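K.L.:
With these hints in hand, go ahead and build the complete structure from the sequences.
If you read the protein sequences in the order shown, they are chains Z and A.
Whatever position you read off the first sequence (first residue = 1), add 198 for the numbering used here.
Whatever position you read off the second sequence (first residue = 1), add 820 for the numbering used here.
Hints in this document: simulated from the structure, not taken from any laboratory.
Source: prediction; values computed, not measured.
Cβ coordinates follow ideal geometry from the N, Cα and C atoms, glycine included.
Hints should not be assumed to be uniformly reliable.
[Stated by the list, open to error] Facing chain Z, according to a computed beta carbon distance under 7 Å, are these residues of chain A, among others:
| id | residue |
| --- | --- |
| 1 | G916 |
| 2 | Y918 |
| 3 | K919 |
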Amino acid sequence: GAGVSQSPSNKVTEKGKDVELRCDPISGHTALYWYRQSLGQGLEFLIYFQGNSAPDKSGLPSDRFSAERTGGSVSTLTIQRTQQEDSAVYLCASSLMPGGSYEQYFGPGTRLTVT
Amino acid sequence: KNQVEQSPQSLIILEGKNCTLQCNYTVSPFSNLRWYKQDTGRGPVSLTIMTFSENTKSNGRYTATLDADTKQSSLHITASQLSDSASYICVVPDSGTYKYIFGTGTRLKVLA
Numbered sequence: 199g200a201g202v203s204q205s206p207s208n209k210v211t212e213k214g215k216d217v218e219l220r221c222d223p224i225s226g227h228t229a230l231y232w233y234r235q236s237l238g239q240g241l242e243f244l245i246y247f248q249g250n251s252a253p254d255k256s257g258l259p260s261d262r263f264s265a266e267r268t269g270g271s272v273s274t275l276t277i278q279r280t281q282q283e284d285s286a287v288y289l290c291a292s293s294l295m296p297g298g299s300y301e302q303y304f305g306p307g308t309r310l311t312v313t
Numbered sequence: 821k822n823q824v825e826q827s828p829q830s831l832i833i834l835e836g837k838n839c840t841l842q843c844n845y846t847v848s849p850f851s852n853l854r855w856y857k858q859d860t861g862r863g864p865v866s867l868t869i870m871t872f873s874e875n876t877k878s879n880g881r882y883t884a885t886l887d888a889d890t891k892q893s894s895l896h897i898t899a900s901q902l903s904d905s906a907s908y909i910c911v912v913p914d915s916g917t918y919k920y921i922f923g924t925g926t927r928l929k930v931l932a
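P.N.:
Laid out in structure tokens, this is it:
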């Protein structure tokens, strides 16, 4: 595909269940970001991957959140024991290289609803 | 603390009218500022990137301005169309990191 894709587009889960969100970045893009967007809020940084370097996990809100990026391409964001406050849109973005001068391309997001 | 603030929070205009959205930032040192358009249910899409040396940049009916001295940017939309209804987000790279600071956006609604 030409752009960043994410799946699923919508996910409804019960409180306490685990969920996995997937991101397929643009081919060749070395930098990958996960963000969370709550209603009426700006995008909140969660985690950043760059090539084979250790990820920057400084934005993860709790140890229930984790992410991995396999082979420098596809990334999975996992939320364990989901809580209602985890309900939000989770956005993935990729860029050719890290740094402010490079364009970020966003996926359509996964809307997570925890009931 | 580096911040990006946008105003107004929301705006309603009639089709064909012009409007201007504002963005103030406190990020230093400054490298660039981006404006994104986010349609409902979609990810943000870049409209323009302004670097330190640029004062004005146009993308069709969208014109962005930057005043690096006052740390202000504006996005002017000319002859608005129904399809301009969206959230407009101002973004500045966080100095010294690979992170970005996002404003909370301006939600624009264009009415027929």
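K.L.:
Work down the list of hints and note, for each, if the structure agrees.
P.N.:
Structure-based check of all given hints:
1. Because the smallest distance between the Cβ of G916 of chain A and any Cβ of chain Z comes to about 10 Å, over 7 Å, the interface hint for this residue is violated.
2. Taking 7 Å as the C-beta contact cut-off toward chain Z, the hint placing Y918 of chain A at the interface holds, the least distance being around 4 Å.
3. Against a cut-off of 7 Å between C-beta atoms, the interface hint on K919 of chain A holds, since the closest Cβ of chain Z lies about 5 Å away.
Violated hints amount to a single one, hint 1; each of the other numbered hints is respected by the structure.
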